[in-house]
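Participant: Quick note, the sequences are listed as chains A and B, same order. FYI, UniProt numbering numbers position 138 of the first sequence as 138, with every residue one higher than the one before it. FYI, UniProt numbering numbers position 155 of the second sequence as 155, with every residue one higher than the one before it.
Just so you know, the hints here were simulated from the structure itself, not pulled from any lab data.
Below, simulated DSBU-like cross-link-like pairs (lysine-lysine); rule was C-alpha separation at most 30 Å, straight line:
id, chain 1, residue 1, chain 2, residue 2
1, A, Lys-108, B, Lys-246
2, A, Lys-111, A, Lys-71
3, A, Lys-108, B, Lys-252
4, A, Lys-281, A, Lys-292
5, A, Lys-71, A, Lys-209
6, A, Lys-209, A, Lys-228
7, B, Lys-84, A, Lys-108
8, B, Lys-84, A, Lys-71
9, A, Lys-22, B, Lys-84
10, B, Lys-252, A, Lys-71
11, B, Lys-246, A, Lys-22
12, A, Lys-228, A, Lys-247
Distance windows between CB atoms, simulated:
id, chain 1, residue 1, chain 2, residue 2, range
13, B, Gly-248, A, Ala-163, 25 to 35 Å
14, A, Glu-19, B, Arg-242, 28 to 38 Å
15, A, Asp-166, B, Ile-30, 41 to 51 Å
16, A, Asn-23, B, Gly-87, 26 to 36 Å
17, A, Thr-13, B, Phe-164, 23 to 33 Å
18, B, Gly-248, A, Glu-19, 12 to 22 Å
19, A, Leu-87, B, His-222, 53 to 63 Å
20, A, Leu-87, B, Glu-134, 53 to 63 Å
21, A, Asn-23, B, Lys-84, 27 to 37 Å
22, B, Gly-248, A, Gly-41, 20 to 30 Å
Predicted model, so just to flag it, every value in this text is computed and none were measured. Even glycine gets a Cβ: it sits at the ideal position worked out from N, Cα and C.
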Amino acid sequence: MSSAISVSNLHKTYDSGFEALKNINLDIHHGEIFALLGPNGAGKTTLISTICGIVNPTSGTILADGHDIQKDYRAARTKIGLVPQELTTDAFETVWNTVSFSRGLFGKPSKPSHIEKILKDLSLWDKKDNRIITLSGGMKRRVMIAKALSHEPEILFLDEPTAGVDVELRRDMWNVVRALRESGVTIILTTHYIEEAEQMADRIGVISKGEIILVEEKHELMRSLGKKQLRLHLQEEHSAVPDTLAKYGLELAASGSELIYSYDAHEDKTGIASLLKDLDKAGIGFNDIQTKQSSLEEIFVNLVRERK
Amino acid sequence: MNLYAIRAIYLFEMHRTWRTIMQSIISPVISTSLYFVVFGSAIGGRIPEINGVSYGAFIVPGLVMLSLLTQSISNASFGIYFPKFTGTIYELLSAPVSYFEIVIAYVGAAASKSIILGVIILATAALFVPMRIEHPFVMVLFLVLTAVTFSLFGFIIGIWADGFEKLQLVPLMIVTPLTFLGGSFYSIDMLPPFWRTVTLFNPVVYLISGFRWSFYGLSDVHIGTSLAMTSVFLIVCILIVRWMFKTGYRLKS
Numbered sequence: 001m002s003s004a005i006s007v008s009n010l011h012k013t014y015d016s017g018f019e020a021l022k023n024i025n026l027d028i029h030h031g032e033i034f035a036l037l038g039p040n041g042a043g044k045t046t047l048i049s050t051i052c053g054i055v056n057p058t059s060g061t062i063l064a065d066g067h068d069i070q071k072d073y074r075a076a077r078t079k080i081g082l083v084p085q086e087l088t089t090d091a092f093e094t095v096w097n098t099v100s101f102s103r104g105l106f107g108k109p110s111k112p113s114h115i116e117k118i119l120k121d122l123s124l125w126d127k128k129d130n131r132i133i134t135l136s137g138g139m140k141r142r143v144m145i146a147k148a149l150s151h152e153p154e155i156l157f158l159d160e161p162t163a164g165v166d167v168e169l170r171r172d173m174w175n176v177v178r179a180l181r182e183s184g185v186t187i188i189l190t191t192h193y194i195e196e197a198e199q200m201a202d203r204i205g206v207i208s209k210g211e212i213i214l215v216e217e218k219h220e221l222m223r224s225l226g227k228k229q230l231r232l233h234l235q236e237e238h239s240a241v242p243d244t245l246a247k248y249g250l251e252l253a254a255s256g257s258e259l260i261y262s263y264d265a266h267e268d269k270t271g272i273a274s275l276l277k278d279l280d281k282a283g284i285g286f287n288d289i290q291t292k293q294s295s296l297e298e299i300f301v302n303l304v305r306e307r308k
Numbered sequence: 001m002n003l004y005a006i007r008a009i010y011l012f013e014m015h016r017t018w019r020t021i022m023q024s025i026i027s028p029v030i031s032t033s034l035y036f037v038v039f040g041s042a043i044g045g046r047i048p049e050i051n052g053v054s055y056g057a058f059i060v061p062g063l064v065m066l067s068l069l070t071q072s073i074s075n076a077s078f079g080i081y082f083p084k085f086t087g088t089i090y091e092l093l094s095a096p097v098s099y100f101e102i103v104i105a106y107v108g109a110a111a112s113k114s115i116i117l118g119v120i121i122l123a124t125a126a127l128f129v130p131m132r133i134e135h136p137f138v139m140v141l142f143l144v145l146t147a148v149t150f151s152l153f154g155f156i157i158g159i160w161a162d163g164f165e166k167l168q169l170v171p172l173m174i175v176t177p178l179t180f181l182g183g184s185f186y187s188i189d190m191l192p193p194f195w196r197t198v199t200l201f202n203p204v205v206y207l208i209s210g211f212r213w214s215f216y217g218l219s220d221v222h223i224g225t226s227l228a229m230t231s232v233f234l235i236v237c238i239l240i241v242r243w244m245f246k247t248g249y250r251l252k253s
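Isolated chain A (complex conformation) (with noise of 0.2 Å):
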């Protein structure tokens, strides 16, 4: 079976001169939410444009589907949605019209039952004869968003989805787009609230000036990357962590009285327990202890400090 989404060799090379995709490779599977992660600048929108056919790529191919996005544009381009990052609609038109406007614009039939569940399935369907000048940011969000789901598409991009929402609109956004992959539908996403990539996604890539840097199963992504860190709630305050303890690398914080140590858990000997002993021994006292996982957002952050 081919991929939803497969990338070969994509350069793109803007006429300025800049060069916003180096070499991308990558497969997005049937059925996932992949999320691609990556600092302003690095080419997610790029990317996500160029697939769709609003970028010319400057060499590689794309096939959506098994479909060449260039030569073979109509299959290709009838099984994408695209809620792009800025809020762009036609102010003078409602709700109705223009997700109607859409589904023709992708060459479907109208069928009204399906403009209906969309709009009610994001709470737009009070709107539906409001002009869209009318409603409020996150409202015209939700438009987009149905205006993307209008055609019934199989491959769903949302670049920044969740930019500038409210918290109400988030749950609701997510709660579609979890309804969505479980009729198959594949949907790949970027985002800035990494938990939400953390807490959403199959799959996590994460790009950075124009290079794919990594493309994982985000479990693996969490265990391979992420350290732990324990935490020890110390009796009094510390100025200096004492020379004895000086081999565990430990970080004192809040002021003096937590004293933090990083380890890999999948290590044999994380040394917590030698390093509680030799606690003991420099007389430290401690009346709490807590361990942590690192975030996707740590993790993150490391990855793309690593390549500079």
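Once you've looked at the hints, dock chain B against the given chain A.
Facilitator: This is chain B only, laid out in the frame that chain A set:
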């Protein structure tokens, strides 16, 4: 052929016309009526007949052409420029539509609007001046050919323009002067020989002359020349649009 897309764009554009009916239909009708009143009745009464046609009736084809040209250009250029300006063009570029279909839909809608407008203006004119149409088929042919050609021209301007100023520039600085100097209000036979020759370089002369021939059988240049010139301009526009889409000019980076 993505007929649903052509239909969707066409209806969307036509819907925009009804939404802005004051601007798209009523205001051109009012301004043209003013021309009839001022040039046709007030001043026209003092001007002798031209080849047996009263001055008021003589200027009707030219005035219809004037609004046909300006409205075709402004409808089509705005129709494609506005999505570029607001950013909604992303949807068009990511949709499974060919450039041919995009052009058919946008230009078709713009041309439909100006044809409707042209007919309304003709009907309005009939209220002010006595009119006859000797060659109705040629009249319709010119109406459609001009509307389509200049809608294409407007579409090109809309893609080329990267600001509202440029959008206004060509209609205001080139098309309106060419129309006024192209024999809307006079027969170019009335000009001194030198200016008559200069005027023949103005493409609008051929449109107005041909259109007027379909009404009264009077023309400044032969009807065949008029049709040929209009067709040439149409083909030039088609070639430019083809080139624009092939290269992604001002549409894709």
